[in-house]
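Which chain is which? The protein sequence lines are A and B, in order.
Residue numbers for the first sequence, in the working numbering: 1 to 113.
Residue numbers for the second sequence, in the working numbering: 1001 to 1113.
These are computed hints drawn from the structure, not numbers from a lab.
Any given hint could be a false lead.
[Stated by the list, open to error] For lysine-lysine, the following DSSO-like pairs were computed, each having C-alpha atoms within a straight-line distance of at most 27 angstroms:
1) A:K68 <-> B:K1067
2) A:K49 <-> B:K1044
3) B:K1019 <-> B:K1044
4) A:K68 <-> B:K1044
5) A:K49 <-> B:K1019
6) B:K1019 <-> A:K68
7) A:K61 <-> B:K1071
8) A:K49 <-> B:K1040
9) B:K1071 <-> A:K49
10) B:K1071 <-> B:K1040
11) B:K1041 <-> A:K105
12) B:K1022 <-> B:K1036
13) A:K105 <-> A:K68
14) B:K1009 <-> A:K105
15) B:K1040 <-> B:K1009
16) A:K68 <-> B:K1052
17) A:K49 <-> B:K1036
Note that the structure is predicted; figures quoted are calculated from it, not measured.
The chain contents come next:
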Amino acid sequence: AQSVTQPDIHITVSEGASLELRCNYSYGATPYLFWYVQSPGQGLQLLLKYFSGDTLVQGIKGFEAEFKRSQSSFNLRKPSVHWSDAAEYFCAVGGRGNTPLVFGKGTRLSVIA
Amino acid sequence: DTAVSQTPKYLVTQMGNDKSIKCEQNLGHDTMYWYKQDSKKFLKIMFSYNNKELIINETVPNRFSPKSPDKAHLNLHINSLELGDSAVYFCASSQVGTYNEQFFGPGTRLTVL
């Protein structure tokens, strides 16, 4: 069965500190992996995506993620967090064609001064 | 230019009523989706349409009836609303052959009283 696990429900980091959000997936075929961000009361914005090739992908707002097939992981990182990064982050997996995305339960990021 | 738009943004109604949510995309995509985000922020697929044809219906109660008059529109009609239908409903679209990158609308927050 397809699934995505985000083990951390809530993470708090200090502004300027580094960030890593974990994501593990289970998918029976070649996975296409995504990270979305949702600010309070807002829709979902795509941060970055992985389809193939280089396993380290760069996204918007200074985020990057690394695909590790052996660990079935796609962790999101940012070297220096800004207060505006406080939001809910969702990892998702999909497949070829027009298959729906399967989402993790999200990680809420709080940023403190 | 809004890529995926939804109306209304907020919908408050009484139990037992019938309501509709509209979605339009101007990306020229051939596939559209409805996702439901529950009170715990969990996102789950409800329906997907490809070229106006229903391709996925994820065991959603038949009180929910999607309709796609053309490729650019996917509406969601809900009959006999129940308290448990309160959620945020997201429309999304994608194009077959583009690695399933899905673009989301801003969401419709439905509150059933």
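Could you work out which earlier hints the structure fails to respect and list their numbers in ascending sequence? 1, 5, 6, 7, 10 and 16
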